Amino acid sequence: MTAAPDLAALRARLAGGDGPRFWRSLDAVADSAEFRAYLAAEFPSASRLAAAPERRGFLKLMAASFALGGLTACGGGGGRDYEVPYVNQPERIVPGTDLSYASSALFDGFGNGIQVTTRNGRPLKVEGNPEHPWSRGGTDVLAQASVLGLYDPFRSQAVQHLGRPSSWAAFRSDLQGRLPGWRQTGGEGLALLTGPVTSPSLAAQIARLRAAYPALRWYVGAGAGRDGIYEGARRAYGRPLETHPDFGRARTIVALDGDFLDLGPGQVGLSRRWIEARRAAYAEGRLLTLHAAAPTPTLTSAKADRGVVVPAGRLEALARDLLGLAADGAAPAGDDPVSRWTRDAGAALNQARGAGIVTAGLGAGPELQELVHRLNGALGNTGTTLVHTAPAAETGAGTLADLAEAMGRGAVRALIVLGANPVYEAPGALDFAARMARVPLKIHAGLYYDETGAHADWHLPAAHPLESWGDVRSLDGTVGLIQPTIAPLYNGRTLPEMLALLAGAGGGGGQEGLDLLKAQWRNAGEDDAAFQARFSEALRRGLWVDSAHPAEPVALTQSVPPSPSPAPPAGVEVLFRPDPTIWDGTHADLAWLQELPKPLTKVVWENVVAVSPRLAERAGIATGDVLRVEAEGRAVEGPAWILPGQADDTVTLSLGYGRDVPDHLARGLGYDAAPLRPPGSPWRLAGAKLTKTGERRMPVTTQHLGTMEGQDLVRVQALGAAPVGDPKGAPAPASFYPPPESQDRWVAAQWGMAIDLDACIGCNACVTACQAENNIPVVGREEVEKGRWMGWLRVDRYYAGELDAPSTHFQPVPCMHCEQAPCELGCPVEATLHDSEGLNLQVYNRCVGTRTCQSYCPYKVRRFNYLDYTGGMTPVEQQQRNPEVTVRARGVMEKCTYCIQRITAARITSAKDAHAPIPDGAVETACQGACPTRAITFGNVADPGSQVSAARRDPREYALLGHLNTRPRTTYLAGLAPAAAPAGREG
497 MTAAPDLAAL RARLAGGDGP RFWRSLDAVA DSAEFRAYLA AEFPSASRLA AAPERRGFLK
557 LMAASFALGG LTACGGGGGR DYEVPYVNQP ERIVPGTDLS YASSALFDGF GNGIQVTTRN
617 GRPLKVEGNP EHPWSRGGTD VLAQASVLGL YDPFRSQAVQ HLGRPSSWAA FRSDLQGRLP
677 GWRQTGGEGL ALLTGPVTSP SLAAQIARLR AAYPALRWYV GAGAGRDGIY EGARRAYGRP
737 LETHPDFGRA RTIVALDGDF LDLGPGQVGL SRRWIEARRA AYAEGRLLTL HAAAPTPTLT
797 SAKADRGVVV PAGRLEALAR DLLGLAADGA APAGDDPVSR WTRDAGAALN QARGAGIVTA
857 GLGAGPELQE LVHRLNGALG NTGTTLVHTA PAAETGAGTL ADLAEAMGRG AVRALIVLGA
917 NPVYEAPGAL DFAARMARVP LKIHAGLYYD ETGAHADWHL PAAHPLESWG DVRSLDGTVG
977 LIQPTIAPLY NGRTLPEMLA LLAGAGGGGG QEGLDLLKAQ WRNAGEDDAA FQARFSEALR
1037 RGLWVDSAHP AEPVALTQSV PPSPSPAPPA GVEVLFRPDP TIWDGTHADL AWLQELPKPL
1097 TKVVWENVVA VSPRLAERAG IATGDVLRVE AEGRAVEGPA WILPGQADDT VTLSLGYGRD
1157 VPDHLARGLG YDAAPLRPPG SPWRLAGAKL TKTGERRMPV TTQHLGTMEG QDLVRVQALG
1217 AAPVGDPKGA PAPASFYPPP ESQDRWVAAQ WGMAIDLDAC IGCNACVTAC QAENNIPVVG
1277 REEVEKGRWM GWLRVDRYYA GELDAPSTHF QPVPCMHCEQ APCELGCPVE ATLHDSEGLN
1337 LQVYNRCVGT RTCQSYCPYK VRRFNYLDYT GGMTPVEQQQ RNPEVTVRAR GVMEKCTYCI
1397 QRITAARITS AKDAHAPIPD GAVETACQGA CPTRAITFGN VADPGSQVSA ARRDPREYAL
1457 LGHLNTRPRT TYLAGLAPAA APAGREG
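For what it's worth, our numbering labels the leading residue of the sequence shown as 497, then goes sequentially.
Treat the hints loosely; a few may be bogus.
Ranges of calculated distance between the beta carbons of each label pair, as one might list FRET restraints [as the list claims (entries may be wrong)]:
#1 850 - 1023: 43 to 53 Å
#2 929 - 591: 44 to 54 Å
#3 661 - 1047: 49 to 59 Å
#4 1474 - 516: 14 to 24 Å
#5 827 - 1035: 52 to 62 Å
#6 517 - 1183: 37 to 47 Å
#7 591 - 1035: 17 to 27 Å
#8 950 - 827: 55 to 65 Å
#9 782 - 617: 50 to 60 Å
#10 1124 - 1177: 15 to 25 Å
Hint data in this document are derived by calculation from the structure and do not stem from the laboratory. Note that the structure is a prediction, hence the values are computed from the model and not measured. All C-beta atoms in this analysis are idealised placements derived from N, C-alpha and C, irrespective of residue type, glycine included.
Whole structure, please, built from the sequences with the hints as guidance.
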């Protein structure tokens, strides 16, 4: 919307009960005539049907989405210059049949277990590995998009020297000439910079390299490093430690700017453990209550049962108040929201002594982290609901600030950067690029020719994890194995192979990565056959069993809490947070992630400057106003986004955007927040100045697409209250529709889905998995702005309560597969119809593009191909797609199919077994399999013993827009809340 809403009027409307109970945006609360006209069009800018995006930009953004795999037929090294038919069929390869490999997905150096599905030697899809003890079958958006990263044409494809194409042979020759000098001086002036290292084999190689070059200095840099977490543990316990919550033993949780449900290395494992504990508590008639205090909304604070909005500068004082309450001190006497929340959270922790959890997130400073450790110790939680282990990441390396200081004084003569991008990620005050220019020799290796590669003398293409041999630790220390699913597409090398080159071991052989891995894990004197059997079993599982770090006993170093931080200077407080889709920018060239709506704002293709409603009201800021944030002589500019639940006088900047690499997808998108980040406090900046530039640039968002008219879209079940689900056993309302065929004769199965809203954390893993599975195209920023986003599954975000501190709810919305489907009545050519198993089918060859079905659908889940988003694909390029799913053409309607290709595969398998019934759980939809919290259940609703039938018997179960009598096969379980829960939260 173009007009700025009257925030004071909106606040009064919500407070007085005149506004909607659940709302998706400020425009929805205002309900202006302009907004109603926007929704009346159903899909905005539909009149511009023939409008097309600028051709160069369209081809650029589509490259990674529909050109995957085409370049694998191009020339490359290693004897793969042409392809020939099989003479002898490779072992285990059956044409047209999937083959899965257990491997690990990398996340900032940490690992999560995955299974990579390949077809005829080409990786197509990533699933979770249920045998992995940390991730337990779940995935996140980055793991789902990793297959797109494998085929990404923006990846580095050749060695470059001084910005010109070169070769591995030329690099090796240059390196061999330098090695004798390095050995002679012991590596004096030699610096190695990596990202976080959890790989045991890589860590061992670095140790050997440091032993060979005693003067070599090793540094670690990351845009979203965990230094504050480890430093807080060091202050509390005398050494860096990893802290693991045991939710199953907890009775209450307090999160102080916590992020255990947010995107990060721990999201998959921690969210699964949290929801299992919450479900177990609900089965016992209680609720595992989450109290959250946060300065800016997160997925963790969004799921809180008792939440409060607190400025980041006040969190330490809040932790001290809780520490005082744990020592039987006086409770805060004020009647402000923070005092009330502190009393409630403190009482809950005291009642659950030894069975509580207090946690802080990545953005919390070491001071707050230390206070949290001391609070858990005072409550008796340490060692019961919280265990500590050695860090999964290697410690003892220098920081980016240390490296910048060494380069500034001329102490670095050769800099080797492996898998990091410090020129982009380093805080602006370090002036990293200028200091790096003073280094005589600069070598960079990475997946992309990025900002650091452009400043290096040598750039080396790295192999993708799906092309590599290696190992990696998960957050709990479990060692997962990485195995290649395809030969390197662009002649890249793994980081262990590059370290072998530096050590003078030659490097580059086809099996060297495997040889290095085996050498790490072979026991001294172990028989070849015994090791090979042990190694093969580990590869089959994707991990080394029982390799997690053991729990370590801990003791607080002192009983006196740290002194309070000094009062912040005047001005706004700036918070820096990783982007919830592209993280720190490492994945910025992946179009799937760029077009993935961010969970809380639904913004795509850029980042925004998030401000609170009160700050916006006071400063006259409207969404889309370009704001300038200044501090210490540096500034960034970006479009404003008024974010409910944001602390007053607080601005949140997202990392990962503002990239400046020619001919890359991410170039020119958003702003770069790194120049403002303080080196000593990378997540928070106090005393910044905020001004309006006078310009406007509206962010593109999907939050209004698919807006449904109706009531009770989201339901919340308060503990002990009457069931809010639909009455069970009530007669179905009369209908003018004829009964579907499936009710007239016996069929093998009736498919349905149940979605637990209490378990959904809004992470979007299901959305990305659906895109990967079903060949859903990327359309680009301009097309999304016109309302042409193509996702089959969307996750609606709703607010409830007051404007400044609302509660937040997530609701995944796929096709409902209605038994009385309005779309089927509306289609003039019967392109959409019902089958005997209850599926609402879409016959692409029949569709003539009238879009009548789209207008008849009350759930707004149908997508129309306004343009030929997948045109021009050669037969080789088409091989990257899921061959079981049709690639749609222009003028065709599409939607969720319940992954009918997987149902068909299960039916074929049952036919081989004398047409035995398909067992429950044999069919798992892509969204269901990706969900880390198992919020989605799918199966045969005609089988009373199936999991989906059990979910349908839950008193919380209800049909979305059920009053329309569409009888959807997809139903929901209401979210849970404490007894007499408030509509919003404290603000």
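Note whether the CB distance of residue 661 and residue 1047 lies within 49 to 59 Å or breaks it. holds (52 Å)
Within 15 to 25 Å: is that where the Cβ-Cβ distance between residue 1124 and residue 1177 falls? Given range 15 to 25 Å: holds, Cβ gap about 21 Å.
Honestly, do residue 827 and residue 1035 meet the 52 to 62 Å range at C-beta? Holds, at about 56 Å.
Could you say whether the range 44 to 54 Å given as a hint is met by the Cβ separation of residue 929 and residue 591? holds (51 Å)
Residue 782 versus residue 617 beta-carbon gap, inside 50 to 60 Å or not: Given about 52 Å between the Cβ atoms, the range holds.
Lying within 17 to 27 Å: is that true of the beta-carbon distance residue 591 to residue 1035? holds (24 Å)
Starting from the range 43 to 53 Å, see whether the pair residue 850 and residue 1023 falls in it by beta-carbon distance. Once the Cβ atoms are compared, 48 Å apart, the range 43 to 53 Å for residue 1023 and residue 850 holds.
Starting from the hint 14 to 24 Å, judge whether the C-beta atoms of residue 1474 and residue 516 obey it. holds (23 Å)
Do the beta carbons of residue 950 and residue 827 sit within 55 to 65 Å of each other? holds (57 Å)
In this structure, is the beta-carbon distance linking residue 517 and residue 1183 contained in 37 to 47 Å? Taking Cβ atoms as reference, residue 517 and residue 1183 lie about 39 Å apart, which means the hint holds.
Every hint from the earlier list agrees with this structure, and none is contradicted.
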